[in-house]
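S.K.: Sequence:
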Amino acid sequence: MISRRTILKRLSAMPLLGGILGSAAPLSSAVAATALAPRNLVKELGIRTFINAAGTYTAMTGSLMQDEVMETIQAASKEFMMLDDVQTKVGEKIAAIVHAESAVVTAGCFSAMTLGLAGVLTGMDQKKVEALPQLEGTGMKSEVIVQKGHNVGYSHALTNTGCKMVFVETPEEVEKAINEKTALMWFLHIQSDQGKIMHQEWVNLAKKHNIPTMIDIAADVPPVENLWKFHEMGFDLVCVSGGKAMRGPQSAGILMGKKHLIAAARLSMPPRGSTIGRGMKVNKEEILGMYVALEKFVGQDQQKEWKMWEDRVAHIADAVKKVNGVTTETFRPELGNHTPTLRIKWEPAKINLTPKALQEALRNGDPSIEIVGEQGGISLTTWMLKPGQEKIVATRLKEELAKAAV
Numbered sequence: 008m009i010s011r012r013t014i015l016k017r018l019s020a021m022p023l024l025g026g027i028l029g030s031a032a033p034l035s036s037a038v039a040a041t042a043l044a045p046r047n048l049v050k051e052l053g054i055r056t057f058i059n060a061a062g063t064y065t066a067m068t069g070s071l072m073q074d075e076v077m078e079t080i081q082a083a084s085k086e087f088m089m090l091d092d093v094q095t096k097v098g099e100k101i102a103a104i105v106h107a108e109s110a111v112v113t114a115g116c117f118s119a120m121t122l123g124l125a126g127v128l129t130g131m132d133q134k135k136v137e138a139l140p141q142l143e144g145t146g147m148k149s150e151v152i153v154q155k156g157h158n159v160g161y162s163h164a165l166t167n168t169g170c171k172m173v174f175v176e177t178p179e180e181v182e183k184a185i186n187e188k189t190a191l192m193w194f195l196h197i198q199s200d201q202g203k204i205m206h207q208e209w210v211n212l213a214k215k216h217n218i219p220t221m222i223d224i225a226a227d228v229p230p231v232e233n234l235w236k237f238h239e240m241g242f243d244l245v246c247v248s249g250g251k252a253m254r255g256p257q258s259a260g261i262l263m264g265k266k267h268l269i270a271a272a273r274l275s276m277p278p279r280g281s282t283i284g285r286g287m288k289v290n291k292e293e294i295l296g297m298y299v300a301l302e303k304f305v306g307q308d309q310q311k312e313w314k315m316w317e318d319r320v321a322h323i324a325d326a327v328k329k330v331n332g333v334t335t336e337t338f339r340p341e342l343g344n345h346t347p348t349l350r351i352k353w354e355p356a357k358i359n360l361t362p363k364a365l366q367e368a369l370r371n372g373d374p375s376i377e378i379v380g381e382q383g384g385i386s387l388t389t390w391m392l393k394p395g396q397e398k399i400v401a402t403r404l405k406e407e408l409a410k411a412a413v
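In case it helps, my numbering puts the sequence shown at residues 8 to 413.
Any given hint might turn out to be false.
Derived DEER-like restraints, expressed as beta-carbon distance ranges [what the hints assert, rightly or not]:
no.: 1; residue 1: K214; residue 2: D373; range: 52 to 58 Å
no.: 2; residue 1: G241; residue 2: K410; range: 52 to 58 Å
no.: 3; residue 1: F174; residue 2: L48; range: 50 to 56 Å
no.: 4; residue 1: N211; residue 2: S375; range: 46 to 52 Å
Hints are computed from structural coordinates only; laboratory data are not their basis. In this text, a Cβ means the ideal position worked out from N, Cα and C, and glycines have one as well.
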């Protein structure tokens, strides 16, 4: 393979060659075309790519940005802009789409939670902004109330501010937990079925004591209505990931809600320094790309998308059921990743294959395919597949299951 350095050396010699050999335009054009060919860094670095039948997992780089988003990112990269101006203008557009008072693009949903709580704690007091996460002696509140069933690790985004988590289970325990230190009541939507207090009652309890509320809906669109449902329910702040269903930049998210809280949260965001959010930088390209992704997501034909996902699932199910001993179940998770999902199981007496072995066989095949291993089987989704990939997934699953038939 000719190195880029060799090509450049040859190019630099072209005027001399042209003088000796006469017209060298054809050779020059050919070499220039080779030099300008885009590098394939994925192949160059040996990075594995795969068909994503698993879903919008961060470890799997979320989702794929659409052409309009990439075009926006490319165009934005050609001009200088004031970061605050971009955030303000985009925030106004996003807020209108999601029926919120205000919005800002953040460095993911986790960042949105940290910044949102920071705004609740500091208000517009610059001294308090610079004090975080030091709360003692500042006059800031220091406790966040959350249901025990919602404590699955994401609360680290809240303790980053220096706050302490106070866990409760019943409305009575909420009443007892509320005191002069209570800054926020936080709700994790995907775990709502693991708590004893549902959304509206949680909001009502907080409003009774004039305490702000925040809800994390990171992976909980679709349905698209969730983007405004919780504002209308009364939550003060809503946090969502941008690089999942909406197919925006993987490192972007949205914090949306009450205008005064968003304004306060922005005091802890770049370009300002001396804040806990300084490292949560979102560039102009991501901000604009996130807006276009949201706009496209909300504007698309949701029923048409759903039907496409169902058809893909049906195609895979029909293929694998032809293997004796295989059963399938189509369902849709009610809280997060709410899309048609296929569960595949098989009788061990008829198919000598473990879920892990099937997962590894698909992962190590060509093309590589990612699915989710479960107890007694596997599950997969089709909403992250490119057109036609459902046929590849169906064929490979059928091959591996049939190969293991006893």
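S.K.: Going through the earlier hints one by one, which of them does the structure break, listed in rising order?
M.R.: Hint 3 is the one this structure does not satisfy, whereas the remaining hints hold.
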